[in-house]
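A.B. asks: Sequence:
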Amino acid sequence: MDRKWLWRALLFSFFGIFSVVYLLPTFAPSSLPGWYKGYFTKKVLLGLDLAGGVHLEYAIDTDSIIESQLDNWGEDVKGKLMEAYGEKDKDNSEHVSIVTRGNRLEITFKKEINQQFLSKATADYTDARDPKLHRVDTKDLTVFYAIDNEFTKDLEEKALVRAVDTIRDRVDEFGVASPEIYRKDDMIVVELPGLDKDSQESIKRIIMRSAHLEFKLVDSESQYMKEVAKYLRTTYGMDEAGIIQKAPYKGLVVVPDSYGARKGGDKNRTLYFQMDVGSRDLPVEQQQEFNRVRKVMDKLFREELPKAGLPVPQGREIGFERTVKHTDQGIPTAQKVIQSMILIRNTKVTGEYIVNAQVGYDQQGAAVVNARFNRTGGKYFGDLTGKHMGWKMAIKLDEWVESAPVIQDEIFENVQISLGVTGSQQERYREAEELVGVLRSGSLPAPLSKEMELNKGPSLGKDAIRRGTIAFIIGIILVVGFMLFYYRWSGLIAVSALVLNVTMMMAIMAAFEARLTLPGIAGIVLTLGMAVDANIIIFERIREELRLGKNPRAAIEAGYGRAFWTIMDSQITTAIAGIVLYEFGTGPIKGFAVTLIIGIITSVVTGVFFTRVVYDFVNSRKKLENLSI
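Those letters in the sequence shown? Residues 16 to 644, by the working numbering.
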């Protein structure tokens, strides 16, 4: 007597018992002892349609990617041209201006220059660099460059891929279990099941944060702010304290450089503009007042001053810092303000060179972020700080200057990022933690805009579970009833295989922490139907062999042999369809594909091999004279 069935029986017994043990944390977590939960921690998770959660769709600002690329290339081209012109070390903003328009770059010399030199310099330079940026025209003193359209499309595609990866890393850093993050055309879809409202708000802030970290010098030599102060004084009038009393800039105050005054320098060398905001305890997440005040100041620099002939100089930008008012001696007060400053736009030092970040505390006990540069970033930062000791360094994160400390020494590796003075200690610590998370996961290639948000409460999930459970139970009862009525004792074997099939399928889903969705439940029901279909094929083949006069054992042998490849052909073709659905589908389609593929594997194992082991076991106990089938 062949005893291979004994080893197979032991193997199936092990799989069955292990599957039940593995599923207990999913179905009966409260009744299990602590040591049990320590060993078996994984469970079947519920998807967005069952557990509730939030569905988000984001668009990426691809125009800013092109503009940023052109800005970088423009500064590079401008520097090379000035080097060829023999003015490498001078402030070339006085000689060359640069403007970006769409995918074009315009570089204009501001004084007469030899046309032969201009043509030769630009031709030599563009021939030596990446041909994707090429000179398309030269008119008078202006050189026109354009980016190749194919390169633009490639740049946008890479930005989308990077954005998806960055968002996935940020969500993983936050600790969300089994999120769904995928592309849908030019949109990025994020599905986060099982999160409460507070967690949803936190993760949305983390996702939206560009985490574009830059280190820019405050331009202490620029006369621009003095010209702005003169314009404001003439147009709106100021009191003796330098405060404007007329709308729309009522309350705007001109503040001299207190640091320069304390060091014995010219206190009017650097000017700032400040506007009062309100309470110092204003929470970080409720800063509508900050944004309102900033819009007022932003309008001044973006709209009114350019119309008055005072645009921000080329190569410079206005930075805004959330801070508090200081006395002439540098002592902070409780008055919260927004402060504007002029920054040197071009910088080589950004957050992309940071390799590690962690939360720390400064000397006052406030939460800060301690970051470390890689070798390249350390070299750039060391050169920048070494050449500008005594200057202020603005640490700009996304749209805000977080702090602007004075450079006291060369810094090559470690940097401390203060998070301004807004919010309580707890709020600032949370902000520091979030910043550490986004710095570790990398910055987004461009800002995101939220195009859609759909919240689904757990009550809808409970209703879906109830309906799905009812459908599942009804389906099982009908299938079991049919199998027992039509195939009798053999039908009971098929039902046993069905139970083992479901148990193993759910255990595998728990092991991989796959999310169970409504389409997933549909996949399970479909899989059970396919498993029963496999048993029916086997039983009908056995019946045919019995009609030919074979004994039960020979009929079982021949029936399984004839049915095996028929079953495998159908299961393999269905599995291929499931793989295609998983590869190219999104969201619910993937949930259906996962359960379908897992179910196909367990159906073949239980429907073909397990039922055969049961037949062999019965036949080993007593010789079968008749077969109930």
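Quick caveat, the hints were computed from the structure, so don't treat them as lab data.
All C-beta atoms in this analysis are idealised placements derived from N, C-alpha and C, irrespective of residue type, glycine included.
Hints may be right or wrong, so weigh each one.
[To be verified] Listed next, the in silico DSS-like pairs over lysine-lysine satisfying Cα-Cα at most 30 Å (straight line):
#	residue 1	residue 2
1	K245	K173
2	K173	K52
3	K363	K173
4	K241	K394
5	K340	K310
6	K565	K19
[Stated by the list, open to error] Cβ pair distances, simulated, as ranges:
#	residue 1	residue 2	range
7	F497	S585	40 to 48 Å
8	V633	D548	19 to 27 Å
9	D548	D413	56 to 64 Å
10	R220	F166	15 to 23 Å
11	I32	F166	43 to 51 Å
12	S585	L26	20 to 28 Å
13	R482	G564	44 to 52 Å
A.B. asks: So, for every hint listed, does it hold in this structure?
C.D. replies: Tested hints:
no., hint, verdict
1, K245 x K173, "46 Å, violated"
2, K173 x K52, "43 Å, violated"
3, K363 x K173, "22 Å, holds"
4, K241 x K394, "34 Å, violated"
5, K340 x K310, "19 Å, holds"
6, K565 x K19, "23 Å, holds"
7, F497 x S585: 40 to 48 Å, "20 Å, violated"
8, V633 x D548: 19 to 27 Å, "23 Å, holds"
9, D548 x D413: 56 to 64 Å, "57 Å, holds"
10, R220 x F166: 15 to 23 Å, "33 Å, violated"
11, I32 x F166: 43 to 51 Å, "59 Å, violated"
12, S585 x L26: 20 to 28 Å, "25 Å, holds"
13, R482 x G564: 44 to 52 Å, "50 Å, holds"
Going down the numbered hints, you'll see the structure goes against 1, 2, 4, 7, 10, 11, while the others check out.
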